[in-house]
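Novice: Given next are the chains, with one letter for each unit.
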Amino acid sequence: MKVNRKLIKQILLHSGLIIAAIICVYPLSRIFTVSIRPGDRIVSTDLALIPDGATFISYLKLLKETYFLRWLFNSLVITVSTSFIGVSLASTAAYAFSRFEFFGKRSAMIMLLATQMIPAGMLILPLFLMIMKLNLMNTYLGMIIAYSVSSLPFSIWILKGYYDTIPKSLEEAAMVDGTGHIGAFWRVILPLSTPALSIAFLFNFTAAWNEYLVARVVLFSSKQYTWTLGLFELQGQFITQWGMFAAGSMLVTIPVLAVFLYSSKWLVSGLTLGSVKG
Amino acid sequence: MASVTFKNIVKKYNENLILDNVSLEIKDHEFVVVVGPSGCGKTTLLRLLAGLEEITSGDIEIDNIRVNDLPPSKREIAMVFQDYALYPHMTVRENMSFALKLRRFSREEIDKRVNEAAAILQLENLLDRMPRQLSGGQRQRVAIGRAIVRKPKVFLFDEPLSNLDAKLREEMRVEIAKLYQKLNSTIVYVTHDQVEAMTLAGRIVVMNKGIVQQNGTPLDVYRKPQNSFVAGFIGSPTMNFMDGKIVSEKDFFYFQNKDVKIFIPSFVFPEAQDYAGREVTLGVRPDDIILDSAKMDHANKLSATVEVIELLGHRENIYLRLGEQRILAVGEAFGELSPNARAEFSLNYKNLHIFDALTKKRINP
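Here the protein sequences line up with chains A and B, keeping their order.
For the first sequence, the numbering used here begins at 1 and goes up steadily by one.
For the second sequence, the numbering used here begins at 1001 and goes up steadily by one.
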């Protein structure tokens, strides 16, 4: 009886997971199919994963006839800088929130949380005005500033929560051993926070990588576009290049996938085990 | 090595007074144990010395240099934390060499010191392990190792054994005593365990409610507790206390309450005359209750009912009842007494402790 129950549980669990996986993977598989269809069969209703006369012509056209590589590069510069700046700011701010007592600490934390409840669209106008006044329209810097501050609240909350679980005595030990506050943070707290730091990094990265609205407002020359804007440019008023569109969509997943795969090893928590009596 | 001086230390958290005018001198090479119940301010005192908390008023000196405003890193102290606080992302060797690296010691010097400490603490085979791969006792030894490689002016121990099980605690206690013989350095050791205090200390500082209650050698504190708090805190099993009056009868003095009347020889309490008729508390350690009739003072013996006997193996705890007064005595295991039997006993007069009932201070010499 017991074995049967276990088996049924496993079957139910796995069928659920398989259905979820299909739902996730199916649209991707369609995009892949469309991206390798020859030009005359783009809108066919054929469901084969690899269509008849499969070709990489859409990829080649995309790379040759558009600024696609330039757009990827723009996105990459903005996203990577945003992630590093966002995480550095968040990691130090969260440390202050976790370790020091100061006036307005609680209300500041709540305000950070409250900003997350404002829909992104509402911030477009103020962001536009700020970036214009700073004379940073159509620049990387304008984008980087806009992106890195918008994910700060989330990163600060994640990191503060994680720092709170690191025993204070570790820093005290480091300070008695000869570091200052900053040294203790740098040599003890940061190395121990890699799981939370990588989550914050990933969040910043994917948020910036996929962002469209702010980019639409800040960037206006085709060469400065991020890939989200660039892909949209392929969608003309009368004709949409679906083949190139699909090829572009496939290519832009590669950096995100790479970052996720690489950082998964840092996501392993439990590094603090054994520092103090457990 | 160095001396440490606390001068009129006051520490407040908001309006809570944690340390109330604590003054203490610790000499070079001295092993001082600060002991007291939880919340008595002993750990705060240690953290003030380490520089991990700020002093509200008063001065701390290490080697006659005022250190109030120095950060922990500049005080040349090493601390062993209650929860060990080993850096989890570093190996044992890296943990031990961390402070030396920060001070830019040469590679050879670091290796020499780490290996030396590892040999003393039997950590040679564990140097490349991570803290999570160590047992509680091993982690404790690494924490001590991290302190001794520094060769600091003062060692601070904050309840280092309280997370270990009883057997390991005994072993580590002996290890720390051995270590002190070897290093012969100034040690300030905080504990709530009076057995650790008695066995390790060169001098005991008993604290309660932010005030130093008594400061003396272990024997002093045990034999001549200066107030009833110290008397009750130090010694195991705890001292028996009886409330009553000093009464005089025909040139002799007695301690009396409604259940007992105990003869007080004049050598025990020469000033008894001054206290005649006044409320006092009489303290008697369980070891000073004589149940052996060969050694008993038959002229002044008392009689009680045996309530409960707890066998501890080599000895037994005997709970005696006289009216409403319960008295604990200790005897050899498997003695003649059994529950509900009558027992006769007298007191070992030279170890009687008499305290003023109001001030709680000791009034006999």
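Wrong hints could be hidden among the right ones.
As the list claims (entries may be wrong) - Which chain B residues face chain A? A few, computed with CB under 10 angstroms, are given here:
| no. | residue |
| --- | --- |
| 1 | R1047 |
| 2 | G1051 |
| 3 | I1077 |
| 4 | K1101 |
| 5 | K1245 |
Stated by the list, open to error - Cross-link-like lysine-lysine pairs, in silico, DSS-like; alpha carbons within 25 angstroms at most:
| no. | chain 1 | residue 1 | chain 2 | residue 2 |
| --- | --- | --- | --- | --- |
| 6 | B | K1167 | B | K1153 |
| 7 | A | K168 | B | K1012 |
| 8 | A | K168 | B | K1074 |
| 9 | B | K1258 | A | K105 |
Derived from the structure by calculation, the hints contain no laboratory data.
Glycine is no exception: its CB is placed at the ideal position from the N, C-alpha and C atoms.
Novice: Now, for every hint given, state plainly whether the structure supports it.
Specialist: Going down the list of hints, with the structure as the test:
Annotation: interface hint on B:R1047 holds; nearest CB of chain A at approximately 8 angstroms, less than 10 angstroms. At about 8 angstroms, the closest approach between the beta carbon of B:G1051 and any beta carbon in chain A falls short of 10 angstroms, and the interface hint on this residue holds. At a threshold of 10 angstroms, the smallest CB-CB gap from B:I1077 to chain A is about 7 angstroms, leaving the interface hint in force. The closest approach between the C-beta of B:K1101 and any C-beta of chain A is roughly 9 angstroms, which is under the 10 angstroms cut-off, so the hint is satisfied.
For the restraint placing B:K1245 at the interface with chain A, the shortest Cβ-Cβ distance is roughly 50 angstroms, beyond the 10 angstroms limit, so the hint is violated. Of the pairs offered as hints, the one joining B:K1167 and B:K1153 is violated, with about 31 angstroms between alpha carbons and a cut-off of 25 angstroms exceeded. Of the pairs offered as hints, the one joining A:K168 and B:K1012 holds, with about 21 angstroms between alpha carbons and a cut-off of 25 angstroms not exceeded. As the CA atoms of A:K168 and B:K1074 are separated by approximately 20 angstroms, the hinted pair is consistent with the 25 angstroms bound.
Between B:K1258 and A:K105, the direct Cα distance comes to roughly 61 angstroms. Violation of the 25 angstroms bound is thereby established for this hinted pair.
In this structure, the hints that do not hold are numbers 5, 6 and 9, in rising order.
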